[in-house]
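> Chain by chain, the residues:
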Amino acid sequence: MTKDEIAARIRVALAKILKTTPESITDDASQTNLAGWDSVHHMNVVISVENDFGIEFDDDELPTLTSLPLLVAAVEKHTAG
Amino acid sequence: MGTELTIRFVRNYTAEPIGNAVQEAAQKLGLTVATQYGDYDNVGAEIAALASSETVPSMVIVTIDLDFFSGGIWSPKWELSRVVENLNEILSLIDALPAAAYVLLSTFIPPFRISLPPQPGRDSAASELNAVLREFTARRPNRCGIIDFERIAARLGEAATRDKRFGLMMKAPFRQPFVEAAAAEIMRVLKCRFLPPKKVLVLDCDNTLWGGVVGECGVEGIELDPYEYPGIAYYRVQSEILSIAERGILICLCSKNDEAAVWQVLENHPECLLRRDKLAGYRINWADKATNLKELAAELNLSLDSMVLVDDNPAECELVRSQLPEVTVIQVPAKIYEYPGIIEGSGLFDRLSVNQEDKDRVHYYQAEKGRREFQTRHVDVEGFLRGLEMRAVIRPVQTTDTSRVAQLCQRTNQFNLTSKRYTDSDVAAMLADANVKMFVLQAEDRFGSLGQSGLIIFRKIGDVVEVDTFLMSCRIIGRLLDRALFCRGLELLGQNWSFSEIRADYLPTKKNSVVAGLWSEYGFALVSRDNPEKFGCQVAELKVSFPGIIQLAEHL
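Residue numbers (numbering that gives the first Met the number 0), protein chains in the order written: chain A, 0 to 80; chain B, 0 to 555.
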């Protein structure tokens, strides 16, 4: 799976939870610049991404997954190999 | 724009996911819900602060998780008697909340596994605390309710309920299936309070009230039995229908059938629970169901959108859905063992409380039939009304009337000048307001009681009196009882207040055109054509008087 494919799927998950369109989510979308991505919605984002990719993030990873690029990198790490 | 409501969560954990799910579900029904959250673990102080706050939420949800309550159930210092005390302290603050806020309390979820040896203070904590909650809410039926988290958890099981990770990391203990189920339970209460209720349950007969076709297999041949399948499924459904009828929902039959055969079952079948005296109306003939439903609605003087049809025939269901989209249709499932519980489970007949008026409602409609037959024999209206020998009691609203008064505000659509949908809590607040006076009308005629079926609410603003609400239940429209209530209400008002001018509004809705000209008829002058239309009148210029054909009584 390429980085772009992962990013596209995460965009869909984010858009669904934050009630927006995948296209409106920028490459550098993060908890600071994307409206509605607060800590409560972050739980849903985490669960939704985990279910989508069939992975489970480590507990110390969770607080760091605060942007689209960071989520992509973490998913890449868990799905590699 | 739909109705806008505010729900405040007073909680000791991250309840935001539940609030978000409620918002989403409410939106689908056209209700706009704003959510507010108190601080974590500050439940008592939050409630106390709300009690003195100026802005009152429509609903307060108090939800406490044992993991974090009173030091936490896992703390070595956990002591059940002290926790019960803490809960009682919190509950005692609830009575001080403004009456306009309805309070929902969530039950505590017991641990999914028991310890060995048992630890009574922990294992049974939830059930003991829940007993306290239930007793508290049972004593305040129009003020408080329960959302039963314990039952949802039991239904879904541990895996769909508890989120171990986010429970510990973010104090967010519930998984999505639980969150959605909890939101659905909150929605049931919201619907009861803020959406118009269904009032009529219309039932087909063959394969809906019993198995088989009575016209073919006879009364003895149908399936209806308290023990044997498949008759037991229909028996259960009939028992469900009776309990719905007891809440004041009108039961009607609408069946393509041989009328005599249907009465045979209702009168003679030993296991038939639904008897003829429980029916508010019926159409048993070979005409199409859409026509029959329209006739029933007209006969009961209720709108089609207050009706629910249960029928086993997919073609009939489809016909009604397409021709009368206002009617809600429930189709009997093909697997008959899935039928019991469906009508109740639809939530369409949920009620927060039931009063005597509800229980008696069917009799009013039955008496109405007698009146109609009497009317067809009288050509002149005056003579007809005189012949009814009406008697009316008009008196101030008392605390015990709260539930009925709120119900009148919620349900009355046609003869309703302002359509203000007051809740029990609103009524309670107005009872305590010295600038508000409310009067109810209770009437009877030679055919029987007409129930508590009229309401007028006056507000005093300086030396002007304003008619805040004026409504009459649809079964007594056209009887001059409105004039009786208005005139006697004013007279009683004069014993306490001095005023020379009256103002009144008419807010047009889709259903209340019957009263569009009422204020003019009473002698009021149109002051402005705004929405609502505003009217005014000097007391001396009123053109309405207490009708001579109605006898004013002290009690009926």
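Bear in mind the hints are in silico, worked out from the structure with no lab data behind them.
Among these hints, one or two may not hold up.
Claimed, not checked - Taking lysine to any residue and the SDA-like style, the derived pairs with C-alpha atoms no more than 20 angstroms apart in a straight line are:
1) B/K277 - B/S448
2) B/K163 - A/I54
3) A/K15 - B/K190
4) B/K533 - B/G547
5) B/K190 - B/L299
6) B/K510 - B/L299
7) A/K18 - B/N300
8) B/K163 - A/V39
9) B/K163 - A/T31
10) B/K163 - A/L61
11) A/K15 - B/E179
12) B/K27 - A/L61
13) B/K358 - B/T417
What the hints assert, rightly or not - Derived DEER-like restraints, expressed as beta-carbon distance ranges:
14) B/P195 - A/A34: 51 to 61 angstroms
15) B/L167 - A/K15: 46 to 56 angstroms
16) A/K15 - B/P195: 49 to 59 angstroms
17) A/A14 - B/A183: 22 to 32 angstroms
18) B/F111 - A/E60: 44 to 54 angstroms
19) A/A34 - B/L194: 28 to 38 angstroms
20) B/G70 - A/A34: 33 to 43 angstroms
21) A/Q30 - B/G516: 56 to 66 angstroms
22) A/N50 - B/G43: 14 to 24 angstroms
23) B/K27 - A/A14: 46 to 56 angstroms
24) B/K27 - A/Q30: 55 to 65 angstroms
25) B/T31 - A/K15: 17 to 27 angstroms
26) A/K18 - B/G214: 29 to 39 angstroms
27) B/L194 - A/D58: 51 to 61 angstroms
Ideal Cβ positions, reconstructed from N, Cα and C, are used throughout, including at glycine.
> Look at each hint and say if it fits the structure.
Structure-based check of each hint:
A hinted pair counts as satisfied when its Cα atoms are at most 20 angstroms apart, and B/K277 with B/S448 qualifies at roughly 17 angstroms. Between the alpha carbons of B/K163 and A/I54 the distance comes to roughly 17 angstroms, so the proposed pair stays at or under 20 angstroms and holds. Pair hint A/K15 plus B/K190 does not hold up; C-alpha atoms about 26 angstroms apart against a cutoff of 20 angstroms. Proposed proximity of B/K533 and B/G547 is contradicted: the alpha carbons are some 29 angstroms apart, above 20 angstroms.
With a C-alpha separation of about 24 angstroms, the suggested pairing of B/K190 with B/L299 is violated against the 20 angstroms cut-off. At most 20 angstroms may separate the alpha-carbon atoms for a hinted pair to count; B/K510 and B/L299 meet this at roughly 15 angstroms. The suggested pairing of A/K18 with B/N300 is violated, with an alpha-carbon distance near 43 angstroms, which exceeds 20 angstroms. Using a Cα cut-off of 20 angstroms, the hinted pair B/K163 and A/V39 holds, with the two alpha carbons roughly 16 angstroms apart.
Annotation: proposed proximity of B/K163 to A/T31 is violated, straight-line Cα distance about 27 angstroms (limit 20 angstroms). Of the pairs offered as hints, the one joining B/K163 and A/L61 holds, with about 14 angstroms between alpha carbons and a cut-off of 20 angstroms not exceeded. As the CA atoms of A/K15 and B/E179 are separated by approximately 16 angstroms, the hinted pair is consistent with the 20 angstroms bound. Taking the CA atoms of B/K27 and A/L61, the gap is near 32 angstroms; set against the 20 angstroms cutoff, the hint is violated.
A distance of roughly 27 angstroms separates the Cα atoms of B/K358 and B/T417; the hinted pair therefore is violated under the 20 angstroms criterion. For B/P195 and A/A34, the hinted distance range of 51 to 61 angstroms is not satisfied, since their beta carbons lie about 35 angstroms from each other. The given range of 46 to 56 angstroms is broken by B/L167 and A/K15, whose C-beta atoms sit roughly 26 angstroms from each other. At about 32 angstroms, the beta-carbon gap between A/K15 and B/P195 misses the expected band of 49 to 59 angstroms.
Separated by about 25 angstroms at the C-beta atoms, A/A14 and B/A183 satisfy the suggested range of 22 to 32 angstroms. Restraint check, B/F111 to A/E60: a C-beta distance of roughly 28 angstroms breaks the suggested window 44 to 54 angstroms. Checked against the hint of 28 to 38 angstroms, the pair A/A34 and B/L194 passes, with Cβ atoms roughly 30 angstroms apart. Taking 33 to 43 angstroms as the suggested C-beta distance range, the pair B/G70 and A/A34 conforms, at roughly 38 angstroms.
Evaluation of the 56 to 66 angstroms hint for A/Q30 and B/G516 yields a pass: the beta carbon distance comes to about 60 angstroms. Hint check: A/N50 to B/G43, Cβ distance near 38 angstroms, so the stated range 14 to 24 angstroms is violated. For the pair B/K27 and A/A14, the supplied restraint of 46 to 56 angstroms is violated, since their beta-carbon distance comes to about 19 angstroms. For the pair B/K27 and A/Q30, the beta carbons lie near 28 angstroms from each other, so the given range of 55 to 65 angstroms is not met.
Here the CB-CB span from B/T31 to A/K15 is close to 21 angstroms, well matched to the stated 17 to 27 angstroms. In this structure the supplied range 29 to 39 angstroms is violated for A/K18 paired with B/G214, their Cβ-Cβ distance being about 54 angstroms. For B/L194 and A/D58, the hinted distance range of 51 to 61 angstroms is not satisfied, since their beta carbons lie about 43 angstroms from each other.
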